[in-house]
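Residue numbers (the working numbering), protein chains in the order written: chain A, 1 to 225; chain B, 226 to 542.
One thing to keep in mind: the hints can contain errors.
Pairs of lysine-lysine, DSSO-like flavour, derived with a Cα cap of 30 Å [claimed, not checked]:
id	chain 1	residue 1	chain 2	residue 2
1	B	Lys-515	A	Lys-70
2	A	Lys-154	B	Lys-419
3	A	Lys-70	B	Lys-419
Quick look at which bits of chain B chain A covers, simulated, 3 or more residues with Cβ under 8 Å [said to hold, decoys possible]:
id	region
4	333-340
5	406-420
6	452-458
7	514-521
Ranges between beta-carbon positions, derived for each pair [as the list claims (entries may be wrong)]:
id	chain 1	residue 1	chain 2	residue 2	range
8	B	Ser-431	A	Gly-209	43 to 49 Å
9	B	Ser-512	A	Ile-83	55 to 61 Å
10	B	Asp-345	A	Lys-217	42 to 48 Å
11	B	Pro-465	A	Ile-64	31 to 37 Å
12	A	Lys-217	B	Ser-399	35 to 41 Å
13	B	His-412	A	Ser-113	44 to 50 Å
By construction, these hints were calculated from the structure, which means they are not laboratory data. Just so you know, even glycine gets a beta-carbon here, dropped at the ideal spot from N, CA and C.
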Amino acid sequence: MKPLKIEPFGDAALLVTLGEVISLEVHQKVVSFVRAIESSSIVGVGELISSYNTVTVYYDFLQIPYSELKSQLEELDIEKISIPEKNIVQIPVCYDEEFALDMKEVISKTNLSKEEIVKLHTSKEYLVYMLGFMPGFFYLGGMDTRLRCERKEKPRLKVASGSVGIAGGQTGVYPLDSPGGWQIIGKSPVKFFDKSNSSNYFKIQQGDGIRFYEISKDEFINTFQ
Amino acid sequence: MIEVVKSGLYTTIQDVGRFGFQKYGMPVSGVLDKDAFRLANWLVGNAINEAVLEITLTGPVLRFHKEVVIGITGADMQPKIDGKLVEMNSAIKVSKNSMLSFGKLKNGCRTYLSVSGGFDVVHEMNSKATYDYAKLGGLNGQALAAGDSLLLGNVDASFEEKKVPVHLVQNSYSTMPVRVIEGPEFHLLSKAGKEVLFTCGFTVGSASNRMGVRLNEVVELDLGSEMISSGIVQGTVQLPSSGMPIVLLADAQTTGGYPRVLNVIKADLSILAQQKPGDKIRFRKISLEKAQAVYYNKETEFTKLALHIEHKKRDLY
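Pulled out of the complex, with its shape left as it was, chain A reads as follows (with noise of 0.2 Å):
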């Protein structure tokens, strides 16, 4: 295996890269390293925030010099872990009219009919990719490439959380009241983000499967609020 490409970031972080694309392939080295450290003995190593191709090793360098944490980093041997099945989570969305406050948009850039757009964000499985931007937030990768649609010109304000959207080749979920640019399709009822959860405060993690499927306005207010 290449070795890993390690280097400071800032004085009290070190950055770790494991590849310079985003693929599945990447993403697995990602998700092996963060397991990797977390069942190490390691000495003095905080928070990890891991992307589609990196991870940041928050560390006490009071308690670890750089260079000494650094090499039990290398040593650390990712082809060895095994990476658990893949929790998949079924998101339940309604596309009404409603709520996709953005459809008409979506439907004149896709040229698709309202039908075939939510049978196609209904058909894959998607791959969470990493967590960031607001807390609670996932990225996803696997949208069909016919859904492809820009921004928004203009973004609103406020998206309400739960909304479901497009963004050029990308799809997502708001987990907060939020400003946002996004071409939204739909909203979930699920809480992404529950602070009064203790058990659970976040719904999704990294590498988690997403699939959407399809509620009605009915089911949305009577069954999950």
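Fit chain B to the given chain A structure using the hints.
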């Protein structure tokens, strides 16, 4: 109880921060000037991580409905009790029904107010720190507003004369350059860009907040500024497409897609947090070894007051 008569510009309850959730995109939050924060708690005999008020640019007006001991550190906003100036960096006994107000800002940007016994607000995700973007922590997850009541912890109003040692009092926040080390994308800067970073002074922009210090001058990149989203740490200097650097602070998002050209060293984050809109800052490059030595020396001073922030495993930032 403390009654909020006026809120000030932006006053929040903060502690050392919320740890363990950055991998889910949750920032650490917490006080921006950790030095002033620690000293404020020390003055009133609180645990080092007790929550305090972080006061930004304009102070609140507070009425005390209980006798307490308070400590005021950080930016000098000319604090007054019942109209009379009181000393900063010193334990102050406040009697029942007194009113604390602030005057004109003399230096710095953020003042810290500790109260003996701390503030009685719930821990949300293990912290009292306010993160208003997610309506989390503090008082109802947001900045103080006029009419709010701040409940206090078990108050031990026994008063002990205490003053912050002179060498730990920051009299000026404007003389020192902010020390940095090169960031992961430093190499994407043009030759002129690299030069500008270290020779030019930068002006703190008016849109600066707890997410970041926004600088007004443009720094040039050689290539495009888009990259694959990756991690951000406190002190990361990010260069968005406008070319105007943002130094990311405690409420910043955990990942970003813009080049990370510099990182402010840990020891200088407190002084950075005291720069207000219109202030000029300069960057000076030092080595990683030097940066860590500077931090070590600084912590040694705080350790003498038993104020070194110890972190549990996995809780470092």
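A quick look at each hint next to the structure:
no., hint, in the structure
1, Lys-515(B) / Lys-70(A), "18 Å, holds"
2, Lys-154(A) / Lys-419(B), "34 Å, violated"
3, Lys-70(A) / Lys-419(B), "27 Å, holds"
4, 333-340, "violated (count 0)"
5, 406-420, "holds (count 3)"
6, 452-458, "holds (count 6)"
7, 514-521, "holds (count 4)"
8, Ser-431(B) / Gly-209(A): 43 to 49 Å, "45 Å, holds"
9, Ser-512(B) / Ile-83(A): 55 to 61 Å, "38 Å, violated"
10, Asp-345(B) / Lys-217(A): 42 to 48 Å, "43 Å, holds"
11, Pro-465(B) / Ile-64(A): 31 to 37 Å, "33 Å, holds"
12, Lys-217(A) / Ser-399(B): 35 to 41 Å, "58 Å, violated"
13, His-412(B) / Ser-113(A): 44 to 50 Å, "48 Å, holds"
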